[in-house]
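Asks: Starting from the structure of chain A, add chain B where the hints point.
This is what each chain is made of:
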Amino acid sequence: MTKADIVTVMSLGVVGLSALLMLLVWRATDFLEPFWHGIISLAAWVAGFAIGCVLLWRGVARLSNNKGAKI
Amino acid sequence: MNILAAFILLGVTSAVTFALMPFLIPRLLKYGITGLDIHKADKPVRAEMGGASILIASLVALVLAYPLLDPLSLTFFAAFSTVVLVGIVGMVDDVVGLRQRYKPFLVAIASIPLVYVLWGRASINFPLIGSVPFGLLYPLLVVPLAVTTSANFSNILAGFNGLEAGTASIAIAALTFLSWIRGQYDASLIGIIFLGGYLAFLKYNWYPAKAFPGDTGTLMSGAAVAAIGLVGRLEFAAIVVSMPAAFDFTLKMLHRRPFAQRGIFGNTTVASDGKLIPPSYPALAHAFMNISAMSEKNLVKSLLIMEAAYALLAIIITQFLM
Numbered sequence: 000m001t002k003a004d005i006v007t008v009m010s011l012g013v014v015g016l017s018a019l020l021m022l023l024v025w026r027a028t029d030f031l032e033p034f035w036h037g038i039i040s041l042a043a044w045v046a047g048f049a050i051g052c053v054l055l056w057r058g059v060a061r062l063s064n065n066k067g068a069k070i
Numbered sequence: 000m001n002i003l004a005a006f007i008l009l010g011v012t013s014a015v016t017f018a019l020m021p022f023l024i025p026r027l028l029k030y031g032i033t034g035l036d037i038h039k040a041d042k043p044v045r046a047e048m049g050g051a052s053i054l055i056a057s058l059v060a061l062v063l064a065y066p067l068l069d070p071l072s073l074t075f076f077a078a079f080s081t082v083v084l085v086g087i088v089g090m091v092d093d094v095v096g097l098r099q100r101y102k103p104f105l106v107a108i109a110s111i112p113l114v115y116v117l118w119g120r121a122s123i124n125f126p127l128i129g130s131v132p133f134g135l136l137y138p139l140l141v142v143p144l145a146v147t148t149s150a151n152f153s154n155i156l157a158g159f160n161g162l163e164a165g166t167a168s169i170a171i172a173a174l175t176f177l178s179w180i181r182g183q184y185d186a187s188l189i190g191i192i193f194l195g196g197y198l199a200f201l202k203y204n205w206y207p208a209k210a211f212p213g214d215t216g217t218l219m220s221g222a223a224v225a226a227i228g229l230v231g232r233l234e235f236a237a238i239v240v241s242m243p244a245a246f247d248f249t250l251k252m253l254h255r256r257p258f259a260q261r262g263i264f265g266n267t268t269v270a271s272d273g274k275l276i277p278p279s280y281p282a283l284a285h286a287f288m289n290i291s292a293m294s295e296k297n298l299v300k301s302l303l304i305m306e307a308a309y310a311l312l313a314i315i316i317t318q319f320l321m
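Chains as they are written, first to last, in numbering that gives the first Met the number 0: chain A, 0 to 70; chain B, 0 to 321.
Please note that the accuracy of each hint is not assured.
Stated by the list, open to error - Taking beta-carbon pairs under 7 Å as the criterion, some of the chain B residues facing chain A (in silico):
#, residue
1, A172
2, A286
3, F287
4, I290
5, S301
6, M305
Stated by the list, open to error - Covered stretches of chain B (chain A as the covering partner; in silico rule of three or more C-beta atoms under 8 Å from a C-beta of chain A):
#, stretch
7, 129-136
8, 240-249
Read the hints as simulated data drawn from the structure, not as lab findings.
Even for Gly, the Cβ is constructed at its ideal location relative to N, Cα and C.
If we strip away everything but chain A, and leave its shape as in the complex, we get (with noise of 0.2 Å):
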């Protein structure tokens, strides 16, 4: 494993960490109809992953001598 894999360690727990945000609000989102509750938890685990890429880029960037744009 070179330096770099780090990055695809990252991304395979920003998209854990989604999944898991996802099923939360599968969970407490059990009441509505199936079309509803199945739309909502996939849009949570949208915007986790979007959280998740900007928390990855500036982890990347803590990591590294080259900061790179901020977002």
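Replies: Chain B in isolation, oriented as in the chain A frame:
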């Protein structure tokens, strides 16, 4: 479909692609269908639209292997037509240069055969949460959106020698394996045809590249991933194998000026020692280059390891959590 027929089909597609490339490269160079290999110090001119060889090989292989295969279904022909039509859209783009805004629209039109055969389907299975019903939105929105998104994703995470053909080969191989073991032969047949093409093309696309796939190769690989995922009921697995491209897309879209980054920050440059220097805007490849200075070859290896990790994850989730 038996194993022997599958291997013959794989062999025919790869052999035809492999044989076509030496014929195609000088002609593409002669007619000016070329691109600059910008990640080399001397920026050599290389043949673009190498994906055309995969498109032609898939058609030739299907005709040659037809007597060996079981009777083919309408679903197979619809999915195959969608992938070929998307390849033709890419070819037109490589030759005349389509406007960016028309490309997703044309790719969505190419998905009409798939919409037709999947009309009766209404839900997608997700791990842990189960089946999510989409009703009529499945054929009318999910199918065209999946083909368009997947095709454009594979067009975004590109530009380094071996990356396009490598990611396409890994993603298609994982989905083909899953569809085969789940008995979804229409999907696995599409996978085998295009896997052979992309594996053979990788020989010409690998560092230092002799040819680039062009939009023909990139759009078609995304369409193939979507088609296998939709036909094989492997929608979630198709999403997982597309995660590296999804990261790249999201990182680029999170910037304040998502469509003007190249104009503002420029392209990746090459240092005298061959290491790549990324522009500062967010992108997946730039994250790899920022964390560790690396050559183009090592960057592509790291990105392919990432793609392989997601392919493995797709297989594990589909087999054990669904």
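Asks: For each hint, tell me whether it holds in the structure or not.
Replies: Verification of the supplied hints:
no.	hint	verdict
1	A172	violated (18 Å)
2	A286	holds (5 Å)
3	F287	holds (5 Å)
4	I290	holds (5 Å)
5	S301	holds (4 Å)
6	M305	holds (4 Å)
7	129-136	holds (count 4)
8	240-249	holds (count 5)
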